[in-house]
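With chain A fixed as given, assemble chain B onto it according to the hints.
For the record, the sequence lines run as chains A and B. Residues 1 to 273 in our numbering are what the first sequence lists, from first letter to last. Residues 1001 to 1288 in our numbering are what the second sequence lists, from first letter to last.
Bear in mind the hints are in silico, worked out from the structure with no lab data behind them.
Simulated coverage check for chain B against chain A, where a stretch passes if three residues somewhere in it have a Cβ under 8 Å from a Cβ of chain A:
id : region
1  : 1173-1181
2  : 1185-1192
Output of the computed footprint for chain B on chain A, the stretches with three or more beta carbons under 8 Å from beta carbons of chain B:
id : region
3  : 67-76
4  : 103-110
5  : 177-184
Note that beta-carbon positions come from the ideal geometry of N, C-alpha and C, so glycine has one too.
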Amino acid sequence: MKMNSELLNRNAAINNNVKLSTEGVNLYYGSFQALRNITLDIPECAITAIIGPSGCGKSSFLRIFNRMNDLITGARVEGEIELDGINIYDRSIDAVELRKKVGMVFQKPNPFPMSVFENVAFGPRRHERHGHNLGELEDIIERSLHQAALWDEVKDKLGQSALSLSGGQQQRLCIARVLAVEPEVILMDEPCSALDPVATLKIEELMRSLAENYTIVIVTHNMQQAARVSDMAAFLMMEEDRAGVLVEYGPTSELFTNPKDKRTEDYITGRFG
Amino acid sequence: MRAGAVSKRQLSQRTAFSLLIVATIIVVLPVLAIVIQIIVSGADAISWEFLTQAPSQAGKAGGILPAIVGTFYLMLGTIIVALPLGVLAGIYLTEYARDNWFTRAINLAIVNLAGVPSIVYGLFGLGVFVLLFHFGMSLLSASLTLACQALAMTVTTSREAILAVPKEYREGSLAVGATRWQTIRHLVLPQASPGIITGAVLAMSRAAGETAPILVVGAAFLLPGLPQSPFDQFMALPYHLYTVAAHVPGMPKSTMWGVALVLLVVVLSFNILATVIRLRTRQRRYSS
Chain A
1 MKMNSELLNR
11 NAAINNNVKL
21 STEGVNLYYG
31 SFQALRNITL
41 DIPECAITAI
51 IGPSGCGKSS
61 FLRIFNRMND
71 LITGARVEGE
81 IELDGINIYD
91 RSIDAVELRK
101 KVGMVFQKPN
111 PFPMSVFENV
121 AFGPRRHERH
131 GHNLGELEDI
141 IERSLHQAAL
151 WDEVKDKLGQ
161 SALSLSGGQQ
171 QRLCIARVLA
181 VEPEVILMDE
191 PCSALDPVAT
201 LKIEELMRSL
211 AENYTIVIVT
221 HNMQQAARVS
231 DMAAFLMMEE
241 DRAGVLVEYG
251 PTSELFTNPK
261 DKRTEDYITG
271 RFG
Chain B
1001 MRAGAVSKRQ
1011 LSQRTAFSLL
1021 IVATIIVVLP
1031 VLAIVIQIIV
1041 SGADAISWEF
1051 LTQAPSQAGK
1061 AGGILPAIVG
1071 TFYLMLGTII
1081 VALPLGVLAG
1091 IYLTEYARDN
1101 WFTRAINLAI
1111 VNLAGVPSIV
1121 YGLFGLGVFV
1131 LLFHFGMSLL
1141 SASLTLACQA
1151 LAMTVTTSRE
1161 AILAVPKEYR
1171 EGSLAVGATR
1181 WQTIRHLVLP
1191 QASPGIITGA
1201 VLAMSRAAGE
1211 TAPILVVGAA
1221 FLLPGLPQSP
1231 FDQFMALPYH
1241 LYTVAAHVPG
1251 MPKSTMWGVA
1261 LVLLVVVLSF
1271 NILATVIRLR
1281 TRQRRYSS
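Looking at chain A on its own, in the form it has when it is part of the complex (with noise of 0.2 Å):
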């Protein structure tokens, strides 16, 4: 199997550094639990996939690591999830500071009502490093939107509004506003899920050239997706009582080849889901 020997290789080239990882993570909303003792290293540049049923709580999961879900009323996280060994529930840590280093790219592309270079540089701006420096900003506008592989296609209207793009060049805008404040972890809910095949296929091939130098967890309840884009995935399902649990996490390879838990080879060979 040609795919199989692919994915093999890919494998291979994971380099064994933990980039994030969590230990007995317990999510609550309210007095409802969304995800059980969850346990897993997610390893540095390279393409983590999150599998699951709809309602398992993949994004529930992946909002942990930049403290999305700080944002919800009665939200409440158990247990330790560390980048780089720290924890970042920890009192010192500032979540704005945190999302700096782990940004996140939506499941519906939503670029700022604004022209396509203010949304690059939205976050710069912000940030007042590059506060006044016009010249600087356009590097980095310039850079983000290389990195992006959107340049080619919008250089010549960047003072366009964003709105005006197509939702594939939409969604890579957003890749690219995240880029620009140069984080190491890139989160992707169901980045694709909005998309059609062509456009899809220019944000897999994008993954795949940032994952050399960013680590990339990604949402997906598209199998193909997960097994084309991913070195590693996690496959996740809701239990009784509703609430998330780890199954199976392992290399893509093997997880989608020789699955060992009898549910996920039920979910991976179409069976439910």
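For chain B alone, coordinates are given in the frame of chain A:
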């Protein structure tokens, strides 16, 4: 299919439509009648002198400049106080306040603020601004009194405009490491500003038309000149209209209608301005 049955159904449909049209005309008719009556009766009084001179002979002669200027000062004073306070409270209530009994009590209070009769605001202003704070019967007291009344509107419209900004924008901003305040300042407020401004303009036009509250906090029957400081008394169009119509015997009818026409133009032009702002924003949103 029998032709008779169809025509019966068509007949009842026509009857229904006719009723609806008649009802609509009845609704619009009084508005049209008022506007036409005021224009026809008041147009004669409008002249350059009427608009640019102070009144003489108890308002029977001369112009109404102090009342026009006084009304604009009032609108300005009202909005200077009510807009910032309304926007800040609106931001707090939508972006920061937790949903608890305290917030719910504040929201209830704001709703009820809009239902308080305007003369009650007047008495409140008399007690607090005129007497307690010693601002006296003045433009300042009247502006603050009208601002209290306008707050209900500026808070409500600010809150609604801020709530209408999609959650996705806020998340996108936070996800690149912006603080909540930066998100509000650079993303939410620019998006909400047309809605906020529309509310502010409507609040101004309402302040321009109020008579009862200013009656007891500083509006003067007749003044030879314009107010020189916020602590001066002032004339205002609605109160001037009330006095010339009710308290001056032998007042020429056209003068009364003239004052009404000027007041109507001021209020309507602000309402139209608010509508234009709203329509232009909507257009921009849909075209992009």
